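Single-letter residue listing:
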Amino acid sequence: MILINGPAAVDYDIDLGVLPITDFYYQSMYTEGRSASGVAPLPGAPPGPPVANNGLINGTNVNANGGGHFANLTLVAGKKYRLRLVNTAVDNHFQVSLDQHTFTVIQSDFVPIVPYETNWLFIGIGQRYDIVFTACQQPASYWFRAEVQAGCGANAMSGKIKAIFNYAGATTANPTSLPVKNFTNSCLDESAKKLVPYVAKDVPESEFRKSYATESARETLSVSLTGTPGTGNAFFWNINNNSLVIDWEQPTLKYIADKNTTYHTDKKLGIIELPDADVVYDFSHLYFITKLTPPSGYSG
Amino acid sequence: MVMVWTLEVAGSLIPEQHLMLDHRSCADIIPDESVPDLNSFLSLWLASYLLSLLAQSCLDFYHKMLLLSLLPYCWFLGLSTALAVPSNQIDSEISIRNVAKTKIRGEECINSPTCRNCWDGDFSIGTDSEEEWPNTGKTVKYVFEVTEKLMAPDGTPRDMIVVNGQYPGPTIVANWGDIVQVDVTNHLKNNGQVFTSTELFRSTPVLRMEQMVLQSVLFHLERLEDTLGKLHSMEHPGITLITLPSTVTGFSA
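Just so you know, the protein sequences line up as chains U and V, in that order. Following my numbering, the numbering of the first sequence begins with 530 at its first residue and continues without gaps. Following my numbering, the numbering of the second sequence begins with 132 at its first residue and continues without gaps.
For the record, the hints were derived by calculation from the structure and aren't laboratory data. These numbers were taken from a predicted model, which means no experiment stands behind them. Please note that the accuracy of each hint is not assured.
[What the hints assert, rightly or not] Have a look at the derived ranges for each label pair, beta carbon to beta carbon:
#: 1; chain 1: U; residue 1: Ser-715; chain 2: V; residue 2: Lys-272; range: 40 to 50 angstroms
#: 2; chain 1: V; residue 1: Gly-296; chain 2: U; residue 2: Ser-557; range: 10 to 20 angstroms
#: 3; chain 1: U; residue 1: Leu-545; chain 2: V; residue 2: Arg-289; range: 20 to 30 angstroms
#: 4; chain 1: V; residue 1: Glu-279; chain 2: U; residue 2: Lys-722; range: 37 to 47 angstroms
#: 5; chain 1: U; residue 1: Gln-556; chain 2: V; residue 2: His-318; range: 16 to 26 angstroms
#: 6; chain 1: U; residue 1: Lys-797; chain 2: V; residue 2: Thr-245; range: 47 to 57 angstroms
#: 7; chain 1: U; residue 1: Gly-546; chain 2: V; residue 2: His-318; range: 24 to 34 angstroms
#: 8; chain 1: U; residue 1: Gln-556; chain 2: V; residue 2: Asn-295; range: 16 to 26 angstroms
#: 9; chain 1: U; residue 1: Thr-713; chain 2: V; residue 2: Lys-320; range: 24 to 34 angstroms
#: 10; chain 1: U; residue 1: Lys-788; chain 2: V; residue 2: Thr-245; range: 57 to 67 angstroms
#: 11; chain 1: V; residue 1: Thr-245; chain 2: U; residue 2: Ile-785; range: 50 to 60 angstroms
#: 12; chain 1: V; residue 1: His-318; chain 2: U; residue 2: Asp-787; range: 22 to 32 angstroms
#: 13; chain 1: U; residue 1: Gly-546; chain 2: V; residue 2: Lys-269; range: 14 to 24 angstroms
Each residue gets a CB set at the ideal place from its N, CA and C atoms; glycine is no exception.
Generate the whole structure from the sequences, applying the supplied hints.
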């Protein structure tokens, strides 16, 4: 986890730091991966993304048998807090909320944004949002909820992935609080209209006029998702109709170190070659505009 | 196996004379909280009432003079309190945003709980972090030991791959402008791979490979700009060195 101190658009008293939220699997990634791809299905598991066994907030949660414990953060009444949320899940998208409190969103993926308020915040996989809230309620314990969104993740403990935010001096018993309001299930990012960068940078118009497709097919990256559920060959993300498969004992850079030039022809390495050597390529203006239609039958 | 992994939170090649765009005081930027201005309302109301009394002709000279002497005081009180908090009529977010981009010289703009939009006097939330950043000259160093460990985050035991024996992994804390250096040692017995060099690195240079043998990679990440503003994802680039499992959120998130 990474915490970088810097200016923020909204004042706060205390930085609570990074709060990671993730799905959690009891089998190894290797086992789950082979099951998901249909190579070695786990008993009863259809090919495709596995159902997570649980979710963790700050690395902990209660399991289906009542084991474990909830993450617990202490608040002082009247103080304003900054919280850095990150979804480190493999396959679950979350909406998060703190009962009876409102979030002011100030940063998205490390980019300061024009602050906006929300009760529920959607966090996609790998996304980060920094929020500020005030401990302005009756001193008590309140649930912090991470709700798995149906259609973009499945979790056996869906609805039970929670943490406790406890006002100092209040009872430490499990909260009885209710959500500030109900969330609407969604697999969509926060609205782009809300995510306005604090320092806005316009994409130069000239960049849009450039048609990479006609200049060189090599510069066009088509992104797609292949596979049909139940066929044993499901769910590979492709770039240029190719899915990256790396032999861990033969990482790409090792080819160069070994002066092994077969990487030129090995599609599985997913290498995109740039046409000219000794040229500085400016990737700072690299824009992806993707339109994706999932194969029919895909869910989860 | 040891990997030295260096990223710069803001870039080393800082120009000597960066633009002094955001030199202003906190008071210039932070509008006051909106407070119901009861004082000014009451004073102005009282003044109006006194005026209406004056308009009545039945008062004798003495009382008229008394009322007249009170009037300026009421007007003064009412107007001064009304004018003292003009910012409560402004949309605070918009005004912060505009003022933060305004060049105001004078007092230092230093980060504090009531001046979070300030940083160190020269930089602020209004700084274009792709163009300029603080040069702290400080390197923040971390040592990561990657091991296998049986843990039970939710009470259910399972083998995990962890950094420094803890889950979640350690948090890298740095100030905007610092250089971060992480020395990683892979102690895994059953897994050779440890990292996805993900997201921290903007545009460039990304890697200068200095040593590269199986399971032992030494490289530097250089001149990484604007980390405050952006950490670009480079997940699963062609250069897949090592993969940290999702249990180590510092790298894969």
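Evaluation of the provided hints:
1. U:Ser-715 x V:Lys-272: 40 to 50 angstroms: holds (41 angstroms)
2. V:Gly-296 x U:Ser-557: 10 to 20 angstroms: This hint holds: roughly 19 angstroms between Cβ atoms.
3. U:Leu-545 x V:Arg-289: 20 to 30 angstroms: With a Cβ separation near 28 angstroms, U:Leu-545 and V:Arg-289 satisfy 20 to 30 angstroms, so the hint holds.
4. V:Glu-279 x U:Lys-722: 37 to 47 angstroms: holds (46 angstroms)
5. U:Gln-556 x V:His-318: 16 to 26 angstroms: holds (23 angstroms)
6. U:Lys-797 x V:Thr-245: 47 to 57 angstroms: holds (55 angstroms)
7. U:Gly-546 x V:His-318: 24 to 34 angstroms: Hint holds: Cβ distance 27 angstroms, inside 24 to 34 angstroms.
8. U:Gln-556 x V:Asn-295: 16 to 26 angstroms: holds (25 angstroms)
9. U:Thr-713 x V:Lys-320: 24 to 34 angstroms: violated (47 angstroms)
10. U:Lys-788 x V:Thr-245: 57 to 67 angstroms: holds (60 angstroms)
11. V:Thr-245 x U:Ile-785: 50 to 60 angstroms: holds (53 angstroms)
12. V:His-318 x U:Asp-787: 22 to 32 angstroms: holds (25 angstroms)
13. U:Gly-546 x V:Lys-269: 14 to 24 angstroms: holds (20 angstroms)
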